[in-house]
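Here the protein sequences line up with chains A and B, keeping their order. This note's numbering puts the first sequence at residues 1 to 153. This note's numbering puts the second sequence at residues 1 to 153.
If you are wondering where the hints come from, they were derived from the structure by calculation, not from laboratory data. On a predicted model such as this, the values are computed, not experimentally measured, just so you know. One or more hints might be untrue.
Pairs involving identical chains hold if they fit within one copy or between any two copies, as the list cannot separate such chains.
What the hints assert, rightly or not - Derived SDA-like pairs: lysine to any residue, alpha-carbon spacing no greater than 25 Å straight-line:
{"no.": "1", "residue 1": "Lys131", "residue 2": "Ala143"}
{"no.": "2", "residue 1": "Lys25", "residue 2": "Lys112"}
{"no.": "3", "residue 1": "Lys19", "residue 2": "Ser52"}
{"no.": "4", "residue 1": "Lys104", "residue 2": "Val145"}
{"no.": "5", "residue 1": "Lys131", "residue 2": "Ala141"}
{"no.": "6", "residue 1": "Lys106", "residue 2": "Lys120"}
{"no.": "7", "residue 1": "Lys19", "residue 2": "His98"}
{"no.": "8", "residue 1": "Lys80", "residue 2": "Gly49"}
{"no.": "9", "residue 1": "Lys104", "residue 2": "Tyr132"}
{"no.": "10", "residue 1": "Lys123", "residue 2": "Ser140"}
{"no.": "11", "residue 1": "Lys123", "residue 2": "Ser110"}
{"no.": "12", "residue 1": "Lys100", "residue 2": "Ile75"}
{"no.": "13", "residue 1": "Lys106", "residue 2": "Asn126"}
{"no.": "14", "residue 1": "Lys25", "residue 2": "Gly35"}
{"no.": "15", "residue 1": "Lys78", "residue 2": "Asp130"}
{"no.": "16", "residue 1": "Lys104", "residue 2": "Ala137"}
{"no.": "17", "residue 1": "Lys19", "residue 2": "Leu94"}
What follows is each chain in one-letter form.
2 protein chains.
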Amino acid sequence: MRDRMIFFKNNSKNMSTHKVETQFKGGMQFRSAVGNHRIIMDAGTADGGNDSGASPKRLMLASLAGCTGIDIVSILNKMKVAFSDFSIKTEAELTDEHPKIYDKVKIVYSIKVPAENKDKMEKAVNLSMDKYCGVSAMFSAFAEVSWEINFHS
Amino acid sequence: MRDRMIFFKNNSKNMSTHKVETQFKGGMQFRSAVGNHRIIMDAGTADGGNDSGASPKRLMLASLAGCTGIDIVSILNKMKVAFSDFSIKTEAELTDEHPKIYDKVKIVYSIKVPAENKDKMEKAVNLSMDKYCGVSAMFSAFAEVSWEINFHS
Numbered sequence: 001m002r003d004r005m006i007f008f009k010n011n012s013k014n015m016s017t018h019k020v021e022t023q024f025k026g027g028m029q030f031r032s033a034v035g036n037h038r039i040i041m042d043a044g045t046a047d048g049g050n051d052s053g054a055s056p057k058r059l060m061l062a063s064l065a066g067c068t069g070i071d072i073v074s075i076l077n078k079m080k081v082a083f084s085d086f087s088i089k090t091e092a093e094l095t096d097e098h099p100k101i102y103d104k105v106k107i108v109y110s111i112k113v114p115a116e117n118k119d120k121m122e123k124a125v126n127l128s129m130d131k132y133c134g135v136s137a138m139f140s141a142f143a144e145v146s147w148e149i150n151f152h153s
Numbered sequence: 001m002r003d004r005m006i007f008f009k010n011n012s013k014n015m016s017t018h019k020v021e022t023q024f025k026g027g028m029q030f031r032s033a034v035g036n037h038r039i040i041m042d043a044g045t046a047d048g049g050n051d052s053g054a055s056p057k058r059l060m061l062a063s064l065a066g067c068t069g070i071d072i073v074s075i076l077n078k079m080k081v082a083f084s085d086f087s088i089k090t091e092a093e094l095t096d097e098h099p100k101i102y103d104k105v106k107i108v109y110s111i112k113v114p115a116e117n118k119d120k121m122e123k124a125v126n127l128s129m130d131k132y133c134g135v136s137a138m139f140s141a142f143a144e145v146s147w148e149i150n151f152h153s
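All chains should be built: construct the whole structure from the sequences, respecting the hints.
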């Protein structure tokens, strides 16, 4: 326990700093170390790459889905709401001119919950989008972000 | 060639729309289909996850590095500048309050180029950051983005 406390003390500044290291691997391929995980990125064949990894820009849409998704699972678990078949579509429109950014982003949540808990799912999404999800807050600085929930049975 | 033209015509709208599908896989794990590539995300153990995949927020820093990295490789290739040992560190400071966003982001490029081509690398970075990299442009909407180049030999 003492070691653990010293660890946190020495690293207190780093706890609010995120670092990612990325290496060029030839062609147009890059590999990032994101914590303990390796992410491979590449340009598509139309842009001189080999499509050997994810497109960097589209990766932001995965980031958005993962961020709000983890929030919602965490909140539903705290509310003791049973759920299944949870998926998230993130869809973005690109501007025409360089630099091409996402200016409209839509998030579609699909989930199965007991009928009496639909309002709790709505509350969980609102809490994520308005309060907890940092990625969504960052997206809101450059895009119009909208969302909807499909309840399926 | 005719088939190719028809293909582009039918898909003209989709070319400016990006879509990512993400599924919940239990615990806090989510899996995204980014084009042909699967990205696994998870919360860390301190946040109720199993660290079985990348943290969604940190994934944005990989996206940033990949976007500007691919630009720079493309530009250096067009300029016929030989280079090697190219890597990119992306480091971001988080705000203290929810939603926690990145408010300061630093990009450190490390690269080996012939001494007479250092100015071309600087030009390539400027072109990426000012004109081409959409991810960098999106980051600039919510964060102070700075960069530097380490030329190594």
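Legend entry - List of violated hint numbers, smallest to largest: No numbers; nothing is violated.
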